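Visitor: The lines below spell out each chain.
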Amino acid sequence: MNLRRILSLAWKDTLHLRHDWWLPAFMLLGGAMELLLIGWATSRPVTNLPLMVLDGDQSRASRTFVSAVMNTGTFVLEDYVRDEVAIREALARGTIYAAVIIPPGYAEQIIRGESTIAVLLNGAESIPATEALRAIEGVSSELGLAIMLERMGLDPQDVEGFLPSLRVWFNESLSEAYYTTPAELGLMMEFTVLLFAALSFSRERELGTLEQLLVMPYSRLELIVGKSIPVIAIGFIDFLLMLGVVHFFFDVPIRGSLFLLLILALGYILVELGKGMVISVVSRTQHQAFLLVLLVGMVDFMFTGYAAPVESMPAILQYLANIVPAQHWLEIVRGIMLKASDLRVLWPQIVALIVLGLFIGTFSFRYVRRALY
Amino acid sequence: MPPESPIIQTFGLTKQFKHVRAVDSLDLAVRPGELFGLIGPDGAGKTTTLRLLAGLLDISDGSATVAGFDLKSRSESIKPLIGYMAQEFSLYGELTVLENLRFFSELYDVSRSERRERTDRLLEFAGLTEFTDRRGKLLSGGMKKKLALACTLIHRPQILLLDEPTTGVDPISRRGFWDILTELHLEGTTILVSTPYMDEADRCTRVGLMFGGQLFACDTPLAIRAGISGDLVALKAADWRRAKSILQDLEGVLEIQLYGDALHVRIDSARKRLPRIKRELRRNGVDYRSLRPAPVRMEEAFLSLMGQREQKS
Amino acid sequence: MAFRHLMAVARKELAHILRDGWTLSLVLFTPLLVLILMAYALSADIQHVPIAVLDRDRSPASRTFVAQITAGDDLELYATVEDLGAVEDLFTRGEIKGALIIAPTFAADVASLKGMPIQIIIDGTEPETGGFAVEQIGRRAAEFANAAIVNQLAGAAGESLQTIDLRVRAWYNPSLEPRVDLIPGLISLVLAFPALSAALTLAREREHGTLEQLLATPIGRGDLLLGKIVPYIIVGLINVILITAVARVWFRVPFNGNFALYFGLSALFMFAALSMGVLVGMFMRTQAAALALSFLLLFFPAFFLTGIFFPIVAMPEIARLEAMGLPGTHYAIITRGVFLPGVGIEVLWPYAVMLIFLGVVFTALAALFFRKKIG
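Residue numbers (the working numbering), protein chains in the order written: chain A, 1 to 373; chain B, 374 to 686; chain C, 687 to 1061.
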C-alpha cells in the first residue's frame, strides 16, 4: 500500500472524466433534481381519480351520497351518465377508476334499511382502484351509521365512543413523503454506486487499457483502492445532496443522529461498492456491466418496501431479504430519520450490514484480485 | 475537369480548436494521380488536415474542394469518392476480417456480384487470405492496418486519404504497405498520405512538409532535397564529439547532425571547404576514417528547411 | 434513405449482441428475470401484519375482542404488552406496524353502550401496512360494536349497523389482486431496458474510435440511427413473446386481447423507446456518460412516472406532462388494456398514435442534431 500511488490512480480515474467533466456534476446534481421531481410527483395522496356516477334515483338522499363521495377529495367527477353502457366503455378505455351506481328507489330503500349501491372498479389498475374503494367504503359506513341511528332515534353522540381513535406515530401529519422519498433516495444512491463501481474495471477491459494498468507498478490492492476512491466520493456526495433534498424540500425530519446516519451511509456505500466491483470484473464490456447492475439493482429494490411490504412477501423471499443490504439500509434510514432510533435499537440492522459487508467485501476483494490477472 | 487542375485544393484552410490552431491557413493543391505525402512530426496538423478533407470536421476558416465539391456545403457528396483511413484502428474488433469488408462494401454500395471478386482481390493484395475468419481485434498491428486499407479500397475510390498508415508497423510490413500504395498510384488513384517517417517521403511523387499547421515546403522529394543550400559530407570519426566541436566553428559549416556513427556536415561548398576541414581535423589529431560527400536525406532537408523558416520569422 | 445501409449497420450491431454469450443472455433475459422477481415480490397480498395489544381491561369481553381482531391471516398478534413504553419500543425497532390499546373501562363501556374505548396506533413510516392494519382493526371493531349494540337494543334484533350495502365489483380483476395488473405494468418497465442498451451504441463507437471510419462513409444519418435501433427492436419483440408467455402461463395473468395487435403495438413502443434511447446517449463521448444520463433520463422516469406504482392522474401538472412524453406511459396503458379488458385498436389508437408521434419526433430530433462530424 502506497498512498501516493493510490491517489495518483484515483486522480487518473477522475481525470478520465475530464472531457465529460460535467458528467459527475450532472450525475450528482441530476440525481438530486430527479429525486426532487419524482418525490414531488409521487409523495402525495392519491387524488383526482376520475369517477362516473349513474344516479338512478335523483333524490336528495342519492345526491347526499354523491356529494359525500366527492367531498373525500379522492375523486374528480368524470361525468353523470344515464346507463351502464357508458360506464362499461369508460372502464374498458381506462378513463375512469371507479363508478358509483345508485339504483332507482334508493331513498325509499334507505328508510326500509335495505339500500344497495353498486360500485364498479377498474381492476386493471388495482392500486388506485383500492384507494377508490377505501374512500367509498368510508363514506358508505359513515352515512349508513348516521341513517341507522336516526332510524333508531339515537343521537349520533351516543355512539361516538364506538369509533376507535387513531394515532399515527412518527408521521403525525401522514405525509406521504415520509415513506416514499427515503426509499427513492435509497434506490437512486444504490444505482449510482453500483453503476460507477461496475464500470471501473469493465471499462478498462473493454478498451484494452487494463493490460497497461496491470503492468504498472501497482499492487492489486492499490489498484482496487485507487479505483474505489472516486466511486465512494461520488456515492457519498450524492447521498448528501439527496439527503438535503429529502430534508429541506420534503420536510422529512432527521430525528436521530445525523452523524450516525452519515457513518452508516458510508458503510452502506462500501458494501454496494463491493458488489459493483465483482460485477466490474465478471463483465467484459460496459454493456454487460450495465445489464448486470440493472438486474442486481432491481432485485435489491424489491426489498426496500417501496412498492410492497417485505412482511407480505412469500416466505422464501423474506429470508432472502435478510441478505440484501438495501433492506437493512432502508430500515436504518427510516429508523434514524423518522423514529430517532439509535444504536440500541438499530444494532441488529447494523450488525447485519457489517456481516454482509465483511462477507461481500472479502469475497469481492479476493475475487477481484484473482480476476485481475 | 482538365487533368492538370487539382483534385484536392485548399485555400487558407484553418481549423481552430479551443486552445490550438491545428491547421493554419493551409494552401494545398494535389493533382489527379499524384501520390502526395504530407510529412511532419507529431502535432504538425497532418491528422486534422486529413480529417478536414474527409469531411469529418467543420472548417473554421478558408475553403477547400475535393473532387470538385466544396467541403463546406457538399461534404457528403465527397464521401463515396474518397477512401479514408483513420490513424487509429477504427474497424470493428468484434467482426471478422471478412465481415468488416462486407460491412464497408455495403455502406459504399458495392454490388453483390462485384463484392466477392473485389474482396478476394483485396484479401490477397493485403495478404489476409488466411485470416478471413479472424476477429479484427485479434489481428497484429500490421494486419490491422492492411485490413483497414482493404476496407478503404473496397469501393475503388478515386481519392485515398491515409492518415499515418504505417505508424506502429514493422519495417517489412511497412515496405509491403508502400508497395501496395505504389501499385494503386500506378493504377491512377490519387493518394494523399501522411507520415511522420521522413524516409517514406521518397516514395511519393510530391511531398508537403508540415509544421505548426502550415505547409512550409511543397515539391518533389528530389527538388526538396536539392533545394537545400550547400553540400553534405559524411564524416566518420573515432572521437565524434571532438570532431564536432572543431568543425562547428569553421567558416562555411552550416549545420552538423549525428547519424548513427557518422557526422553529417552541411557546408556551403564542398569543393571550397573540404581541404580546410581535413587540415583542421588532422591538426587537432582527430582520427577520421572517411570524409566524403553524402546524399541529402529527407530528414536533413526537413530539419534544414525548418531551421531556415524559423530564421526568417 | 438506403435500406441496405440501414441493414448493414443493424447486422453489425446484432453481431455485437450475438458474439458474446454473456451479452446475449443478459440482453435477452434481464427483462424476464426482473419481471419474475418483481412479480413475486410485489404481487403478494398484504398479510401477517404484526401488531401489539395492550389490554388494560383484561376482561372476558376484551379478550374476546382481541381474539376476534387477530382471527384472520391479515393481522398477527406479535406481542401482548404491559405498558405504552413497550409499544413504543416495538415500534421503534420496527417489529410491529400497528398497536391496539384497550382502555380499562372497555367491558363496562361496551355493556352500557357508552362506547368502545380503544385506540389504534400505526407506524406512519409505512402507511401501506399501517393503513391496512387500521382498516382491518376498524372493520372488526365495528362488527364487534354492531353485535354489542344489536344485543343491547331491544326491538332492534337482526338489524345491521351497515344500512348501505355496497356491492363492489372490480372489473377485469375481481379480487383486486395486485399481481394481475402490476405484471402488465411491469412489462412496460422491463421492456424499456433495451432502450438503455441502445443509448450506449453511439457512445461505444465514439469510445472505440470506430465512429471516425463510419462517418467517412456515405451512410445517411437516418440510416445510421435507425440501423442502431433495429437489433434492439428484435430483442425487444423476442422479450415481448417470452414475457407474455410467462405472465400468462406462470403467473396466470389473463390475456384477453389480440396478441397480434399487442405485438404490433409493442413494435411501435420499441421504436419510440429506442429512438429516445439513441437520442439520450447520442452526444456522450463515453459509455459511462451515456449510461449515467440514460439512468437519469430513461430509467428512473420509466420507473416512477409512467403510472405503474402511482397513478398519473394524481401527479402534479409538470410530472404529468413529462409522463406524456415517455413512451412507457402509453405502452403501460396499452399493455393493461390488452391484457385485462382485452380492448382492441378502437380503444387503443390514441396511444398508438402517441407512440408513433414520439418515435418520429425522437428520431427526427436525433437525425437533426446528429452531425457526421467528429469531435
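Hints are not guaranteed to be accurate.
Straight-line C-alpha distance at most 20 Å; calculated EDC-like pairs for lysine to aspartate or glutamate [to be verified]: (1) LYS1058/C with ASP482/B; (2) LYS685/B with GLU673/B; (3) LYS1058/C with ASP431/B; (4) LYS510/B with ASP482/B; (5) LYS685/B with ASP641/B; (6) LYS800/C with GLU150/A; (7) LYS651/B with ASP634/B; (8) LYS800/C with GLU222/A; (9) LYS1059/C with ASP641/B; (10) LYS800/C with ASP155/A.
Just so you know, these hints were derived from the structure itself, not from any lab.
Quick caveat: nothing in here was measured; it's all calculated off a predicted structure.
Visitor: All hints are to be evaluated individually against the structure, with a verdict given for each.
Guide: Hints, one by one, checked against the model:
Using a Cα cut-off of 20 Å, the hinted pair LYS1058/C and ASP482/B holds, with the two alpha carbons roughly 18 Å apart. Only pairs whose Cα atoms come within 20 Å are accepted, and LYS685/B paired with GLU673/B is accepted, the gap being roughly 18 Å. Under the criterion of a C-alpha separation no larger than 20 Å, the hint pairing LYS1058/C with ASP431/B is consistent with the structure, at around 10 Å. Simply put, LYS510/B and ASP482/B have alpha-carbon atoms about 25 Å apart, too far for the 20 Å limit, and the pair is violated.
For the hint linking LYS685/B to ASP641/B, the alpha-carbon distance of about 19 Å falls within 20 Å, and the restraint holds. Between LYS800/C and GLU150/A the CA atoms are separated by roughly 17 Å; this keeps the pair inside 20 Å, and the hint holds. Between LYS651/B and ASP634/B the alpha-carbon distance is near 18 Å, which keeps this suggested pair within the 20 Å criterion. Note on LYS800/C and GLU222/A: the hinted pairing is violated, with a Cα-Cα distance of about 75 Å set against a maximum of 20 Å.
For the given pair, LYS1059/C sits about 49 Å from ASP641/B by alpha-carbon distance, which is inconsistent with the 20 Å threshold. A threshold of 20 Å between alpha carbons decides the hint, and for LYS800/C with ASP155/A the separation of about 12 Å falls inside it, so the pair holds.
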